[in-house]
Every structure is written in C-alpha cells, then in structure tokens.
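Residue numbers (this note's numbering), protein chains in the order written: chain A, 1 to 163; chain B, 1 to 568.
What the hints contain is simulated information worked out from the structure, not anything from laboratory work.
Glycine included, each C-beta is placed from N, C-alpha and C at the ideal position.
Be aware that a few hints might be false.
Chain A stretches covered by chain B per the calculated footprint, using a threshold of three residues with CB under 8 Å from any CB of chain B [as the list claims (entries may be wrong)]:
id : segment
1  : 56-63
2  : 68-75
Going by beta-carbon spacing under 10 Å, a handful of chain B positions derived as facing chain A [stated by the list, open to error]:
id : residue
3  : Pro109
4  : Ala111
5  : Asp309
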Amino acid sequence: MVWAILSIKVENKPGILFKVTHLFRSRNFNIDSISVGVTEDKKYSRMTITTIGGEKQITQIVKQLDKMIDTIEVHRLDVNNSVYRELVMFKIKVNKPEDSMEINKLASAYSAKIHDAKKESIIVEMTATPHQISAFEELAKKFGLKEMARTGITALEREEHEH
Amino acid sequence: MIDNNKMENMIGATALMKSLEKEGVKEVFGLPGGANLPMYDELGKSNIRHILVRHEQSAAHMADGFGRVSRKPGVCFATSGPGATNLLTGIATAQADSAPMVAVTGQVPVAMIGKDAFQESDIIGMANPALKYSYQPRTPEEIPTMVKQGFYIAETGRPGPVLLDIPKDVQQNEGKFTFPDEVRVPGYHPWADPDITNTARAVELLLSAQKPIILAGGGVIISSAFAELQSIAELLMIPVVTTFKGKGAFPENHPLSLGPIGMHGHAEANKLMTEADCVLAIGTRFSDRSVGTFAEFEKNLKIIHMDVDPAEIGKNQTTSVAVVGDVRASLRIFGKMLMDKAVRTSDDNPWLKHVKEVKQYWRENLKIHPGEMGAAKILRKLRELLPNESIVTTEVGQHQMWASLFFDAIHPGTFFSSTGLGTMGWGFPAAIGAKTARPDVPVVDIAGDGSFNMTENSLATAVLEDLPVIVFLINNYSLGMVAQWQRTFYDRRMVGVDLKKCPDYVKLAESYGAQGLRAQSMDELDSAIKTALKSDVATVIDIPIDPEEDVLPFVAPGTGLKDMILPS
C-alpha cells in the first residue's frame, strides 16, 4: 500500500466535486484527504486528493479521473519532489496557568501561531506536513485536545533542476 | 465575435427542437408530462417523429436499440420526477454497454429546484454514475451548445448516455439564440492516436506466439472494424473467439470462428481460449462473465489489449502490450505492419490443426436437449429462416444464452443484447428502436417469458407506430435462469420462479392488435416464422418448451473457463 497525492485541475463549475467524490465511491476507492480551491485562472479549480492503495489501484484512479470530462489535468505528484502542506487548528486545554506558557513554547518550536488564548483553552494554527502535524498532536494530547480541524493536503510539484 | 444580426429570438423549447433537428434527429421516443409540456408543444410543430411509449424505461431502451444499430445517439424524452427515474434503468443499461444516447428530461422550474416540489427529483445526482455526461441549463441560451456538446460526447470515443435536464421555465422563456456548428470540450479527448511503437511490439508478440487467438469484443462492433479484423485473422490464420457483446463482430459461420467465450460460451471457444499462449484482445473490458476469474484467465497467457478507453487497460487483466485508440484505426496500422512484413501463415501448423479438431469435435458431440422443441433446435430453425441481414436483440436469461450458443450471428453488427447490466425487458423495446433505425430489415427479439413480461406493453408502440417486430418467445413458464441456478446450486429448492402459465401470450398480443401465434411443433414453428416475416403487424410467436432445460456448457461464478460444466 502506498500513499499518493493526486492533483486534479477541473473546470470551476458547480457539481464537479460531487462527481469526483462519487467516482471514488462507485469505484470502491478511498479518499484520505481532499482540498479544493480556485487556481490562478478563475475558470479552473484544483483538487488535491490524497489516497492510500495498491499501485495498480492508484493507476486506475488516475485513469478514471482522467477519463472524466470535467477534469482538465490529472497528475500523481512525486511525493519526494513536491511541496505539500496541510493547515490544522488545535483547541488545546489549559488546565493550569503554566500550561499556557508551555503550549506557547511548543507552538513556537513548530512555527505554529497562537490564536484566541483564553483561560480554559488556546487555539493553535499550524501549516505543516501530515507527519509534523501528527507529532505535534501527540505532544498536545498531554494537555488535552478539545477540538481539532484539518484542511486536507494541498500540494505543488517542484520545478525540474535548473542548469 | 457574436453577430447580433444572426441571433434569433425564440423560447428554449423551440431552440431544443431546432438543435435536435440540426443533429439530424428524425425520431424521439418518449412520454409527456407536466414538466416537459413546453418541449412536447414544440415537438408537435417540428418535423421530428414522436414515438409514444407506455413506460419511460422502454423509451430509454428504444433509444438504446436505435443508437446501437445506427451508431447515432437515440433520443428519449421524459418528464420530471418519476418520468425521469423511470429512465434510469435504461440509462444504466446504455452506459454498461457503451451505447450512444441522449436523454432529455423536464425538470421543475429553476426557482423550485431543491424545494421538494411536486414531481421533482434530482435526476442528475441519481443518474450521475450511469452517465457519460449531464447538463442542466439554467437559461434558455445555454441549450444549443449543450445539445451540440451532448451529441458529440454521446457518440464519440467510447459511446455512452448523456442527460439533458431542462427546467420548465428554461423551456418556456424566450432568449436570443445562436446555434454553434462546432463545439470544444476542453477536458474530453475521445480518441488517442494508436501508439506506433506499441503496435509494432504487439505485432512481434503475436507473431512469436505458438498458440495465438483473437478475442473480439463489443468495441469491434462499435467502431465497425469488421473488415480489418477479418483480414488480420485470415492473413495470420488465427482462430477468433468473441465476448458475448462481441457476438457478431466476426461471422460465426467462418471456418476460423469459435464463437463466444464465457459463462455460457461455446465449449470449443472456452477450451481453446484456455490453451492459447497469446491473445489479441480487441475492444473488450474483460468482464467476469467473459473471462471467469481474472487470475486464472491471465495465467500462462500474454495479453495484447487494444481499446479506445485507456482506463480499461490493466483494470481487470494484466497486459503485455496495450494499444490505446479507436480499434479500427489500431487494427489498420496493425494490418499494414503485417503486410509490410509480408507475413504468410500456412494452415497446416499444429495449433490450427488442433483448433480444427477441437471445433469439429464439439460441433459434433455437444449434447443438446432431446425434445422436438429443444432450445438448440428452435434457434437453428430461426436462423435457417431468417435472412442474415436481419437484426436480432435478446432479453436476459436462459433464452439469451441459448441464443449465444445456438443462433449464429453472420452479418456484422446484427446481434444486440443487454450484456453488461443484464436488463430483463431490454430486448423488445430495443428491437422497436432497431426497427425504427432499420425499417428495411426484419427485426427479431429472442425473448423469454419472464423478461418479456417486464416491457410487454411496448406492444402498443409496435402496433400503433407501425413497427412490425417479431417476438420469438421461448416460453418455459418460469424465470428460467434463476430456476437453473436453484436446481444447480440450491438443491432444487425452487423459490419465486414459477410464472404459472400467466398470461396467455397469444391473447395478450391480440388484445394489443398484434398477431399472436403459438408453435408447439417444428412444423408449426416453421410456418409461424414464415407468417411473421410476411406480416405487416408486430407478431409474438409463443413457443412453449421444457421448463427443466438447462443452459450448458456453464462456467460457474468464481471459477475459470477450464472448469466448465458440460451436458451429461
């Protein structure tokens, strides 16, 4: 089983997210995360979908997505040659006054931002790889996680080396 | 630039009819209702013939049958809500068998969408996985481009159904229209150019095989690659098997023809398919019904796969070489490469000798039902009396598989069946659609009683619209295929399969104004077929048979082709 990032350029029209997700459901594929937003050209949106599956299945997903009339381009990104990040928000419990300082330190170690610091909780925002997010999540758990929200990965492939 | 002087004022429904006329549509199969009244009002004023159905499912099947025969999208109309949902089975059937179709449904007015209005259904959402594409115009001006694109998408590449769901106010409102002569669909690439390197590799691989075979699928029929296939098979002296959907891709009276493989394939076809070391598979998706278990099929077999749909490559089977593109174009390049190599195969090689022996053995020794009205005998009688250019459709069940086994398709593209979705009730309305496309040839629906029950009210359409098709009703008074599985796998515990001789099909036909004939002996059958062929009204020939007759050979689900059960 491998983890794959698919970058899908689609026409920016209503109903296309439904068709893409329906394709995953009807073909028995799995969506690990999904993020959608408009591209530099407002006519198109980019969907970034991460999925886990066998090589053969991922090849099939790419082909089936490519076959969809609303998709303009479908790329399986080279994970080792792409910049991929996810935005996450943690609402972390503040149990005692010292927690506040420790959460601040932890956030700064992960280049995360502090929002809405209250007596009972702090919201921390970070943009990172899923791996870093998991690491932070583990550390934050010792204070207690009240809530967590993730956007799903978005990604772009790096340019080829310049000569 | 849009030239304002060339723009025309009209309502959306008029623009729809005009767009359909521009696509060359001559007939529409459908049923009116509240939400498509404006388009019916304009349909009445147009030159397009309306063929009224008694249930929308039949309208979709008629459009499907029309589309498969003419290779142009058949068009069906239905109203919103239940009218649209009644089309669904027909749309899914067309999608499963890659048939070109344009379905046009009425929808509640734009402002009512999402309000759970009377006869509102989200047909786009419901039909999505069964559609090649769909449109819902929100302004009348969008209609001409959507129709033009819809036809283009439905009939190119791997064909399929397209839905146009038009809110009632969009049909009624006036707009300023231009009618495009050409359309662009940016994300749609229907045909790739066949890759030359891969085609050359395919040639090398096939020529190096000791025991080559050709497997022709429905794609050969869709792209009319009959001549190209035949010339390659004859040049290389390679035997040809087909999938069930590919039946009619290669003349079944040809010395190299072995007939369909699969669950109810010919014994010789299944046997030789499993012995082959290399297959040239053309326009097939390797359905489980054709190949049995995937792993078993590809064991010791090199697969060359030609298909128009890149997503079919490697979906079910591992291929050694793939050539993506229209299969006719691919076969032409393949054939030319063979010509350039001046390849000649003699017909005394050991593989071909073996093929001939196996074929001859099974043609002489396959046990058939001993009764006078056994399935093999009645279907061979039909073939004997029916001109080769006649079009045959089937329903779904035992009769369908007997047709596959015992009715030879000889002229290219004359045999059609619901092979993918397996829709009972498809064959009769599809035959009516086929007759609309080809009024010059006899059209016969080889039917079973269970299936015919499902859409028999299309007799009204056949009679009133003067479309004299023949229903060749192989009547075992039961849901025969289910009964066979209950006999075979459930120790004869028969549940829900006895149709108890109801209805009387002769009286049923007559009540619609059609001709009803009953054939209980070979002489009666002979005369009934001859009478039906001369008749100018639709005919049902009711042919009672032994309800215990099984379809054999039989490859049980989950097993390989070599494990076929033979008649004992």
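Here's how the hints hold up against the structure:
1. 56-63: holds (count 4)
2. 68-75: holds (count 5)
3. Pro109: Cβ of Pro109/B sits 18 Å from chain A, so the hint is violated.
4. Ala111: Given a least distance of 16 Å, the restraint on Ala111/B is violated.
5. Asp309: 7 Å, holds
In summary, the structure is inconsistent with hints 3 and 4 from the numbered list given earlier, while agreeing with the others.
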